[in-house]
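J.: Chain by chain, the residues run as shown.
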Amino acid sequence: MTSATVKYLFVFLLFFSGGKGFASGLDLKLAKTGPNDTTTFRSPFFDDNERCFICHGQNRYEYTNENLGRQVRAMMFSERVVDRDEFYESNHKSFSCTDCHSSDYIQFPHSGELRMEQSYNCIDCHGGDDKFSQFSFESIETEYHESVHFKLGEEGFSCWKCHDPHEYKINIRNSKNISETILYDNNICLNCHSDFDRFQLLSDREEINILKTHDWLPNQEAHFKSVRCIECHTRINDTILVAHLVREKEYAVKACNECHSQNSMLMSSLYKFQSKEQRKDGFFNGIIMNESYVIGANRNQYLNNLSFFIFLVLAGVIAVHIFFRIKKKH
Amino acid sequence: MYLYPKWVRLWHMLNAVLMLILILTGISMQYTGEDMKFLVGFEKAVKWHNLSAAFLTLSFIFFVTGNILTENGRYYKLKKQNFWSDLGKQMRYYSWGMFRGEKHPFPVSLERKFNPLQKFSYVMAMYVAMPLVIISGLGLMFPEVTINRVFGVSGLILTDLLHITMGFFLSVFLVIHIYTCTLGSKPTSLFRGMITGYHDAGDH
Numbered sequence: 001m002t003s004a005t006v007k008y009l010f011v012f013l014l015f016f017s018g019g020k021g022f023a024s025g026l027d028l029k030l031a032k033t034g035p036n037d038t039t040t041f042r043s044p045f046f047d048d049n050e051r052c053f054i055c056h057g058q059n060r061y062e063y064t065n066e067n068l069g070r071q072v073r074a075m076m077f078s079e080r081v082v083d084r085d086e087f088y089e090s091n092h093k094s095f096s097c098t099d100c101h102s103s104d105y106i107q108f109p110h111s112g113e114l115r116m117e118q119s120y121n122c123i124d125c126h127g128g129d130d131k132f133s134q135f136s137f138e139s140i141e142t143e144y145h146e147s148v149h150f151k152l153g154e155e156g157f158s159c160w161k162c163h164d165p166h167e168y169k170i171n172i173r174n175s176k177n178i179s180e181t182i183l184y185d186n187n188i189c190l191n192c193h194s195d196f197d198r199f200q201l202l203s204d205r206e207e208i209n210i211l212k213t214h215d216w217l218p219n220q221e222a223h224f225k226s227v228r229c230i231e232c233h234t235r236i237n238d239t240i241l242v243a244h245l246v247r248e249k250e251y252a253v254k255a256c257n258e259c260h261s262q263n264s265m266l267m268s269s270l271y272k273f274q275s276k277e278q279r280k281d282g283f284f285n286g287i288i289m290n291e292s293y294v295i296g297a298n299r300n301q302y303l304n305n306l307s308f309f310i311f312l313v314l315a316g317v318i319a320v321h322i323f324f325r326i327k328k329k330h
Numbered sequence: 331m332y333l334y335p336k337w338v339r340l341w342h343m344l345n346a347v348l349m350l351i352l353i354l355t356g357i358s359m360q361y362t363g364e365d366m367k368f369l370v371g372f373e374k375a376v377k378w379h380n381l382s383a384a385f386l387t388l389s390f391i392f393f394v395t396g397n398i399l400t401e402n403g404r405y406y407k408l409k410k411q412n413f414w415s416d417l418g419k420q421m422r423y424y425s426w427g428m429f430r431g432e433k434h435p436f437p438v439s440l441e442r443k444f445n446p447l448q449k450f451s452y453v454m455a456m457y458v459a460m461p462l463v464i465i466s467g468l469g470l471m472f473p474e475v476t477i478n479r480v481f482g483v484s485g486l487i488l489t490d491l492l493h494i495t496m497g498f499f500l501s502v503f504l505v506i507h508i509y510t511c512t513l514g515s516k517p518t519s520l521f522r523g524m525i526t527g528y529h530d531a532g533d534h
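Protein chains in written order, with this note's numbering: chain A, 1 to 330; chain B, 331 to 534.
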């Protein structure tokens with residue numbers, strides 16, 4: 001009997017509900033979200049950038065076609081649309097568009113050659129700069145070069161596939177809400193891995209059904225909500241906050257007790273920079289319990305000790321009882 | 331005397347096997363380590379625990395239904411009258427009287443299958459701990475139906491604490507239950523009774 005069958009066996013017995021009811025299965029394309037930006041940021045380049053956003057800030061744009069002698073309304077190619085709000089909440093919010101893109105873009109219509117412009121990579125700006133040393137971009141690059149994603153470089157894979165410079169915002173380091181961080185980070189993976197159109201741009205593989213390939217995972221939905229994809233699909237690196245060495249699926253973590261144990265690997269991945277609080281009210285890996293609960297990893301030291309003590313007392317009482325039974329030949 | 335009808339023996343046998351599997355797999359999950367597979371590996375433990383829990387739930391429903399539909403249920407009715415003093419008498423017998431050759435204060439009969447201590451512990455185990463362990467187990471098996479937070483604490487943590495605490499009490503109950511079952515006229519006679527259905531008149 002499979003675990004799924006066991007679940008169904010329980011369904012008709014189920015009389016316990018916390019009010020949320022059954023989830024109707026995981027919607028892989030999760031709602032777009034991220035930590036709320038509380039700053040009221042006003043870019044010094046707001047007006048300059050608006051010259052780009054006026055067309056690229058939404059799906060529809062409008063221009064004067066001098067040849068036709070009239071206004072033309074057209075749809076902007078979705079890959080060329082940049083959401084203003086997301087940009088001004090992103091890590092690069094203080095940038096001018098022309099910091100990264102050619103200033104020739106100011107001319108409209110844009111020259112066709114500009115489409116061939118080579119875009120920067122993270123390391124072009126962030127590498128070798130003490131200001132960014134805490135982020136260890138060089139180590140991240142080394143890891144990326146060893147990852148399965150780097151092998152897709154020929155097909156056009158780059159840092160931007162995961163970290164869209166127009167909207168990416170650093171997450172785990174500042175996160176006070178791990179659930180939101182997990183959702184945000186997993187959406188980065190799902191952006192390609194659950195969108196076959198995008199996936200096809202980089203791979204000739206057949207469409208992957210993530211729910212099916214993770215069918216073996218008990219309480220699949222709970223896992224998807226509680227950990228990031230990279231928890232299992234990267235090699236942990238102590239020197240950087242977020243591991244970037246994405247490995248082949250054969251190397252993915254499958255042994256439950258790598259997380260479900262006192263030495264849970266989650267403490268060196270998802271909860272790495274929050275793990276100073278090792279114990280919380282006697283619970284091992286207590287920091288996990290702010291957001292989640294992991295069987296095996298969050299057992300309580302006090303209850304453990306109490307249970308051992310009770311069993312020892314019980315064994316002692318039984319031993320004494322047996323002793324007197326033998327002595328009295330009862 | 332014929333004290334244990336077939337359905338009770340069948341249920342008891344099934345319940346015993348399932349409880350043993352559940353306790354062993356439960357301990358395996360609770361104390362699993364990164365480098366050690368405590369008793370059973372975590373993955374196997376989860377599968378066996380879930381499967382056994384499903385059967386235990388069915389077996390529990392069978393037991394409760396049986397007790398409602400047959401006269402077996404009357405043995406589990408606690409009475410207020412002399413409740414504490416009867417418990418005391420039985421405790422005194424186990425800890426003192428039996429070593430001095432005293433007569434059993436509550437001899438087994440068709441009207442009284444359990445002594446007061448037995449009755450109390452069986453009621454606590456079957457009508458308090460079992461429902462709680464099943465309900466909390468369902469909450470862990472279907473975490474999506476568990477209340478997210480209760481007074482700022484994760485509902486899953488509370489559910490799990492309730493589950494492992496009840497599981498622990500049932501484990502303690504099991505050890506005491508097995509030991510007290512060796513207190514018959516011979517250490518094996520009460521066990522034999524649960525197989526044949528007949529209780530030796532000399533047993534307590």
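No lab work stands behind these hints, which were simulated from the structure alone. Here a beta-carbon is modelled for each residue, glycine too, at the ideal position from N, C-alpha and C. Honestly, I wouldn't trust all of these hints.
As the list claims (entries may be wrong) - Restraint ranges, calculated between C-beta atoms of paired labels, are given here:
#, chain 1, residue 1, chain 2, residue 2, range
1, B, 331, A, 311, 32 to 38 Å
2, A, 326, B, 394, 45 to 51 Å
3, B, 337, A, 251, 48 to 54 Å
J.: So, against the hints stated earlier in the document, which numbers end up violated here?
T.: 2
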